[in-house]
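Going down the list, the protein sequences come from chains A and B.
Positions in the first sequence are counted from 1; adding 1170 to them yields the working numbering.
Positions in the second sequence are counted from 1; adding 116 to them yields the working numbering.
The hints are simulated quantities; they were obtained by calculation from the structure and are not laboratory data.
A hint or two may mislead.
Said to hold, decoys possible - Below, a list of computed lysine-lysine pairs in the DSS-like style, where the Cα atoms sit at most 25 Å apart:
(1) B/LYS181 with A/LYS1310
(2) A/LYS1238 with B/LYS181
(3) B/LYS174 with A/LYS1174
(4) A/LYS1310 with A/LYS1237
(5) A/LYS1238 with A/LYS1174
(6) A/LYS1174 with A/LYS1237
(7) A/LYS1238 with A/LYS1310
Said to hold, decoys possible - Derived DEER-like restraints, expressed as beta-carbon distance ranges:
(8) B/GLU185 with A/MET1240: 33 to 43 Å
(9) A/MET1358 with B/MET183: 15 to 25 Å
(10) A/GLN1203 with B/ARG175: 47 to 57 Å
(11) A/GLU1201 with B/LYS174: 48 to 58 Å
(12) B/ARG169 with A/MET1358: 13 to 23 Å
(13) A/LEU1185 with B/TYR145: 47 to 57 Å
(14) B/ARG140 with A/PRO1340: 39 to 49 Å
(15) B/GLU185 with A/VAL1314: 35 to 45 Å
(16) B/GLN142 with A/SER1387: 53 to 63 Å
(17) A/LEU1179 with B/GLU185: 15 to 25 Å
(18) B/ARG136 with A/ASP1173: 46 to 56 Å
Each residue gets a CB set at the ideal place from its N, CA and C atoms; glycine is no exception.
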Amino acid sequence: MRDKILYLLGAAAVLIVARNIYVISGLPGEEAQGAIFKIIFFHVPLAITALTCGTVACAASILYLVKKEMKYDAVAVSVTEVGLAFLAGNLITGSIWARIIWGVWWAWDVRLTSALVCWILYASYLMIRHAVEEPTQRAKLAAVVSIFAFIDVPIVILSIRLFRTQHPGPVFFSSSGSFPHDWSMIMMWNLFAMMMLGAVMTMIRLRQEEVQREIDSLRRLAHAF
Amino acid sequence: MHAFLPLLLAQAVSPDDLVREAQRLQRNYEFLSYGLIVAWLVLVVYVLMMVARERRLKREIASLKVMLEERPKK
């Protein structure tokens, strides 16, 4: 039953995004940038979902360190993995946009660099988990790394406000933004769909983590005989 | 090209400029589609990885359960 609900939610999210792609394809291009501007409708929701995943991972890691319950460690690893996939999508779409607008695939700008560092930090988190065998030690070390990696999340968010960057300034959730209302609505729907997709993926990954833990305990039982 | 004709007459834009503009628009759409494809491809690859992991876990747990059930019989 739980599986069916998850798959239904995932399908609903994909349908919302498919509908949005159809609506976005009918929108006019932006005056200065042309059609490539429309990539923002995916680039921004991917980033917000990824950074939300980072925040949830940090909260779960703190909870693990405080309560020492493995379920929080499972939440942290699940949400980090999903967030990493979303952040990869965000970096790639940004790079494709930059190739057209800036003429280069990549610029060592504060926003871009901090986002890349964020991706590397969370990738290291997953690599560290593979390197440590003992579950409690692994969970403790991973929680510390996750909290450390989270330091970069506010830097990514605030970089375009605090530093002079090549990256465009904020057009949403900002008084200086000039996004038309109907475009904002499409963006919000896309964000909702991505968040839903992220939540569904996290729930599926979390269930896999629980099965993995069951396998580990069965293995220990098998070795005990 | 004739779609741009009124613009050409009104602003005295050269045909070369129009060709360049058309190429720019074409490139814009091309890269937009690359962006969308890649963004979805990343997520699809991740979902496929999860499906593969799910299958591996199911196989592993089934074989472990069988192993544990058979042990006391020996």
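- prompt: Of the hints stated earlier, which fail here?
  reply: 1, 2, 5, 6, 8, 9, 12, 13, 14, 17
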